[in-house]
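S.K.: Residue numbers (the working numbering), protein chains in the order written: chain A, 1 to 248; chain B, 249 to 525.
Treat each hint with caution, since some may be false.
Straight-line Cα separation of at most 35 angstroms, DSBU-like style, residue types lysine-lysine; simulated pairs [what the hints assert, rightly or not]:
1. B:Lys-348 x A:Lys-244
2. A:Lys-174 x A:Lys-48
3. B:Lys-303 x A:Lys-242
4. B:Lys-411 x A:Lys-82
5. A:Lys-82 x B:Lys-267
6. B:Lys-489 x B:Lys-284
7. B:Lys-416 x A:Lys-82
Calculated from the structure, these hints are not laboratory results.
Predicted model, so just to flag it, every value in this text is computed and none were measured.
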Amino acid sequence: MNQSFNITRVFLFIKRDLLLLRGTITSSLAVAAILIFLFSIFNMIWDKQLTSEEFVGIFTLVFIPMGLLFSFALFREFSSPKTNHLYLALPVSTSERLLSKWITATLLYIVTISIIALAVGFIALLVGGILFGANLDPLALFSSSYWSIVGVYLFIQPIFMVGAMTFAKNRLVKTLLALGLLTLGFIVFHLILFGLLNGGFDVMPKNGMASVSFIGADFSTVGRWFYGLLFGPFMLVVAYFKMKEKEV
Amino acid sequence: MLHIRDLYFNYPNQVSVLKSIDLNLDTGNIYGLFGKNGEGKTTLIKVITGLLYPKSGECRFDNIPTSQRYPSVLQEVFLVPEDFELPAVSVNTFATMNSKFYPNFSQEHFDSLLKEFNINPLKTIPTLSFGQKKKVLIAFGIAVNTSLLLMDEPTNGLDIPSKSQFRKVMAASVDKGQCIVISTHQVRDLHSLINHVIILDDARVVLNQSLQRISEVLWFGRASGQDKNEIVHSEGAFGGKTIVKRGEKDESEMDLELLFNGVLQERQTINQLLEHA
Numbered sequence: 001m002n003q004s005f006n007i008t009r010v011f012l013f014i015k016r017d018l019l020l021l022r023g024t025i026t027s028s029l030a031v032a033a034i035l036i037f038l039f040s041i042f043n044m045i046w047d048k049q050l051t052s053e054e055f056v057g058i059f060t061l062v063f064i065p066m067g068l069l070f071s072f073a074l075f076r077e078f079s080s081p082k083t084n085h086l087y088l089a090l091p092v093s094t095s096e097r098l099l100s101k102w103i104t105a106t107l108l109y110i111v112t113i114s115i116i117a118l119a120v121g122f123i124a125l126l127v128g129g130i131l132f133g134a135n136l137d138p139l140a141l142f143s144s145s146y147w148s149i150v151g152v153y154l155f156i157q158p159i160f161m162v163g164a165m166t167f168a169k170n171r172l173v174k175t176l177l178a179l180g181l182l183t184l185g186f187i188v189f190h191l192i193l194f195g196l197l198n199g200g201f202d203v204m205p206k207n208g209m210a211s212v213s214f215i216g217a218d219f220s221t222v223g224r225w226f227y228g229l230l231f232g233p234f235m236l237v238v239a240y241f242k243m244k245e246k247e248v
Numbered sequence: 249m250l251h252i253r254d255l256y257f258n259y260p261n262q263v264s265v266l267k268s269i270d271l272n273l274d275t276g277n278i279y280g281l282f283g284k285n286g287e288g289k290t291t292l293i294k295v296i297t298g299l300l301y302p303k304s305g306e307c308r309f310d311n312i313p314t315s316q317r318y319p320s321v322l323q324e325v326f327l328v329p330e331d332f333e334l335p336a337v338s339v340n341t342f343a344t345m346n347s348k349f350y351p352n353f354s355q356e357h358f359d360s361l362l363k364e365f366n367i368n369p370l371k372t373i374p375t376l377s378f379g380q381k382k383k384v385l386i387a388f389g390i391a392v393n394t395s396l397l398l399m400d401e402p403t404n405g406l407d408i409p410s411k412s413q414f415r416k417v418m419a420a421s422v423d424k425g426q427c428i429v430i431s432t433h434q435v436r437d438l439h440s441l442i443n444h445v446i447i448l449d450d451a452r453v454v455l456n457q458s459l460q461r462i463s464e465v466l467w468f469g470r471a472s473g474q475d476k477n478e479i480v481h482s483e484g485a486f487g488g489k490t491i492v493k494r495g496e497k498d499e500s501e502m503d504l505e506l507l508f509n510g511v512l513q514e515r516q517t518i519n520q521l522l523e524h525a
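Modelling step: build the complete structure from the supplied sequences, incorporating the hints.
M.R.: Here it is in structure tokens:
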């Protein structure tokens with residue numbers, strides 16, 4: 001009777017979101033395609049080629065900011081006091097809402113923008129080949145760096161999801177500010193930790209900040225797990241409770 | 249169907265908006281929820297819908313706390329809020345994308361209600377006036393056929409002909425198996441619709457009676473000289489509107505505005521009469 005999870009409702013909710021945001025999605029994808037095309041062409045002007053690393057760099061420039069903006073757009077209805085009555089009163093459970101948002105903001109978004117990026121990248125390669133005699137190598141579009149970027153996005157997206165649910169106004173700016181403060185806090189924490197653990201062994205780095213060294217060189221397995229869990233699944237749990245406790 | 253027991257609610261760092269609320273809402277009734285501005289009508293409706301959580305006490309729909317927001321409960325509860333914003337899609341798309349979540353939605357009924365309200369379903373919602381948007385939401389709220397339909401100030405923003413249309417639509421749409429709660433401070437708009445009155449004052453329920461019971465006990469009109477000792481509440485100078493003990497008098501037409509004012513001023517007397525007469 002009190003069935004709180006129904007996969008059909010999840011798909012219906014995804015469909016509803018896509019229908020609601022179809023204008024935003026279409027124009028954002030068009031902007032993404034144009035940006036990727038232009039950056040790829042500009043890149044080929046200088047060295048007559050588009051390497052996989054260069055392409056992933058261009059892709060990252062568009063992929064991550066656009067994904068985060070898309071996450072905020074997905075929660076617009078949830079945050080607005082004028083729309084959240086109808087939204088929260090819809091017969092959909094919290095777990096269904098969260099799963100549908102996550103699927104849309106990550107899986108669907110990643111697949112869609114990747115396909116578009118690859119198609120646009122390929123067209124840019126063709127155009128570059130014709131205009132500048134650039135080296136046409138479609139395989140250059142596939143790279144292991146792509147998967148790293150997707151991995152980074154999967155971990156940071158839930159933070160922005162929580163930000164989109166926490167703040168009512170200026171959500172993006174406030175999320176970035178909170179993230180900045182959090183990063184600053186972690187840097188100080190790293191400095192203290194590094195000093196405490198290594199201070200007596202005369203291994204303090206001569207160049208750069210200790211925290212950079214700590215992050216770059218001495219990032220332990222424990223640290224990896226800590227940040228991995230903090231930015232990934234833990235934030236999804238926070239998002240779940242934020243959504244469950246939301247009142248109008 | 250809906251049971252509220254000893255419910256308290258307050259917004260953060262504010263005094264209680266709802267105190268010790270006890271209510272039972274049953275199917276087949278249209279409840280008029282009245283109160284002055286800021287007396288907690290909207291808050292109570294939001295608590296019933298599960299959009300606000302009680303600070304203490306409980307609000308249960310079919311014995312399930314509404315604050316859990318279970319889909320099985322939300323499928324049976326629909327709220328037409330006072331202030332809202334609808335998405336920038338066509339009326340038809342709005343219905344299509346939301347109706348899938350309500351198993352009892354009737355497209356046919358929705359179409360006929362839109363026709364009654366003179367709304368073109370192909371029009372995009374942002375091109376409609378606020379009153380027309382409200383009609384779209386009212387039509388949708390009726391067409392989803394939930395067991396409990398809550399309307400917060402439904403006639404606000406409607407012009408005079410639209411208010412008549414609303415009453416007509418409501419009267420025609422009321423299902424015996426439905427429970428409807430209409431919250432308003434414009435008591436005159438609803439006198440022909442409701443069969444039960446709930447009045448909130450000072451964050452409490454000060455009257456919760458069926459119109460039938462009220463009509464049995466109270467008489468509304470201009471009192472004659474011999475009614476002098478039976479007057480419960482009067483307005484204006486001599487010869488003004490009064491509420492008197494009905495006694496052997498013929499049934500009078502209910503004056504909700506007079507009843508509302510009377511209850512605010514003579515709460516105890518009226519309640520004692522209704523309970524013991």
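S.K.: For each hint, tell me whether it holds in the structure or not.
M.R.: Here is how each hint holds up against the structure:
The straight-line distance between the Cα atoms of B:Lys-348 and A:Lys-244 is roughly 22 angstroms, inside the 35 angstroms bound, and the hint therefore holds. Restraint check for A:Lys-174 and A:Lys-48: the C-alpha separation of about 41 angstroms exceeds 35 angstroms, so the hint is violated. With a CA separation close to 18 angstroms, the supplied pair B:Lys-303 and A:Lys-242 stays within the 35 angstroms bound. At most 35 angstroms may separate the alpha-carbon atoms for a hinted pair to count; B:Lys-411 and A:Lys-82 meet this at roughly 23 angstroms.
The hinted pair formed by A:Lys-82 and B:Lys-267 meets the criterion: a straight-line CA distance of about 26 angstroms does not exceed 35 angstroms. Distance hint between B:Lys-489 and B:Lys-284 is fulfilled; the C-alpha atoms sit about 20 angstroms from each other, no more than 35 angstroms. For the given pair, B:Lys-416 sits about 28 angstroms from A:Lys-82 by alpha-carbon distance, which is consistent with the 35 angstroms threshold.
Hint 2 from the list above is the single one not met by this structure.
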